[in-house]
Amino acid sequence: MSTSIRESAMVSPFFVFFLVHANIVGIGILGFQRTIAAHAGYDAWISLLLAGASIHLIIWMLYSMLNAGSHDLFSLHELIFGKWLGKLMSFVVLIYVWMAAFLILRSYVSIVKQFIFPLMHTWSTTLIILLLILYIVAGGFRTVTGVCFFGVVIPAILMLPLFLFPFEYAHPNNLFPMFSHNFTALFASAKDAVINYMGFELLLFYYPFIKQAAHSQKWAHTAVLSGTFLYVAVAIVTFLMFTHGELDKIIWPTLTMLKIVEIPILQRLEFIVISLWLFVILPNICLNLWGVTRGMKQIFGISQIRAILLLLLSLAMGSYLLEGTASLLMTLDFYGKVSIVFIYGYIPLLFLLFLLWGKKRGTARYQTPSAETEKAR
Numbered sequence: 001m002s003t004s005i006r007e008s009a010m011v012s013p014f015f016v017f018f019l020v021h022a023n024i025v026g027i028g029i030l031g032f033q034r035t036i037a038a039h040a041g042y043d044a045w046i047s048l049l050l051a052g053a054s055i056h057l058i059i060w061m062l063y064s065m066l067n068a069g070s071h072d073l074f075s076l077h078e079l080i081f082g083k084w085l086g087k088l089m090s091f092v093v094l095i096y097v098w099m100a101a102f103l104i105l106r107s108y109v110s111i112v113k114q115f116i117f118p119l120m121h122t123w124s125t126t127l128i129i130l131l132l133i134l135y136i137v138a139g140g141f142r143t144v145t146g147v148c149f150f151g152v153v154i155p156a157i158l159m160l161p162l163f164l165f166p167f168e169y170a171h172p173n174n175l176f177p178m179f180s181h182n183f184t185a186l187f188a189s190a191k192d193a194v195i196n197y198m199g200f201e202l203l204l205f206y207y208p209f210i211k212q213a214a215h216s217q218k219w220a221h222t223a224v225l226s227g228t229f230l231y232v233a234v235a236i237v238t239f240l241m242f243t244h245g246e247l248d249k250i251i252w253p254t255l256t257m258l259k260i261v262e263i264p265i266l267q268r269l270e271f272i273v274i275s276l277w278l279f280v281i282l283p284n285i286c287l288n289l290w291g292v293t294r295g296m297k298q299i300f301g302i303s304q305i306r307a308i309l310l311l312l313l314s315l316a317m318g319s320y321l322l323e324g325t326a327s328l329l330m331t332l333d334f335y336g337k338v339s340i341v342f343i344y345g346y347i348p349l350l351f352l353l354f355l356l357w358g359k360k361r362g363t364a365r366y367q368t369p370s371a372e373t374e375k376a377r
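At position 22 of the sequence shown (counting the first as 1) the number is 22 in my numbering, and the numbers step up by one without a gap.
Read the hints as simulated data drawn from the structure, not as lab findings. Don't take each hint at face value.
Claimed, not checked - Below, a list of computed lysine to aspartate or glutamate pairs in the EDC-like style, where the Cα atoms sit at most 20 Å apart:
hint	residue 1	residue 2
1	Lys191	Asp248
2	Lys211	Glu7
3	Lys259	Glu168
4	Lys249	Asp333
5	Lys191	Asp333
6	Lys83	Glu323
7	Lys259	Glu246
8	Lys259	Asp248
Unchecked claim - Pair ranges (Cβ atoms, derived):
hint	residue 1	residue 2	range
9	Leu353	Ile128	37 to 45 Å
10	His56	Phe14	13 to 21 Å
11	Ser4	Phe165	48 to 56 Å
12	Met61	Ala156	42 to 50 Å
13	Met178	Arg142	41 to 49 Å
14	Ser4	Lys83	30 to 38 Å
All figures in this text were calculated on a predicted structure; none of them were measured in a lab. Think of the CB as a built atom: it goes at the ideal place given N, C-alpha and C, for glycine as much as any other residue.
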């Protein structure tokens, strides 16, 4: 299943850094600390490094398959499983990607309702965000890439300095004794941390839209590396701020930590941070939904405009049905388990099957466009 992509619809390899980084740093950074500390305590920052290292391995597997000739997930599935079973497997993956977009949206709306507008109905906030998503996704992949770029740059410039303020109230003794947990505890914590890295697997969807795509691998690894160190930095600052007992009772530790920041001309700084965080979650949602629309076009022949309208309707209905923080946390926990299976089970399985018999067939059937060919399009 190979499709010709116009050069005007492609992006340079450098932008893969923003496409990957914008998706692995999202809504999860606002509340991941409590989850990872449940098993490994305040040694959980080591678990973040382990999780990040494992993601580098999975990215290497993805590029090994894609560079060898399979243009995207759909051609890879067709190559390994055949036409009809391949389409079925692709459809299952589309449900997984849609679920990611839905949970990101629903989590952000829950934060807005909890911290800013507690009396506002869920559907009203959701509707405003859905209109933005429609505008972005309808603009095509390059528009989505632009949003990913700003989703990395703007929060980095405006919000990273805010994490320096809590050091005034830090308690270094919270981190000691270090290395007091065994590997089993660190592994369990790393398993909980992996959900925060989800989104890099969308490489399987937008790989054909990258010029000289094989050269983009270093940028994907760089994005994961920078995202890992950002998670570690936020985790350490949080651990310095809160004791175990305090952290167990806080759902959104990052936002709670920012409440202590005092600026004379500003009150309730977390309101500003939550508002700015829209720039962070929009790339997450838009790239996931763009991937689903492309998949629906490849599998069912539905135009991407019609597909995005159907998807937005489904997001609105899902947001209306999923009410309450408890239900949301249960659904996030379920998605985390599915993510573990997909990342560490399904992708390695695809890689193994590809090595066994798909590589030679893929090289013959799907030749990756050379730089000269792409330039001529």
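Ascending list of hint numbers which this structure does not respect: The structure conflicts with hints 6, 12 and 14, although it agrees with all the remaining ones.
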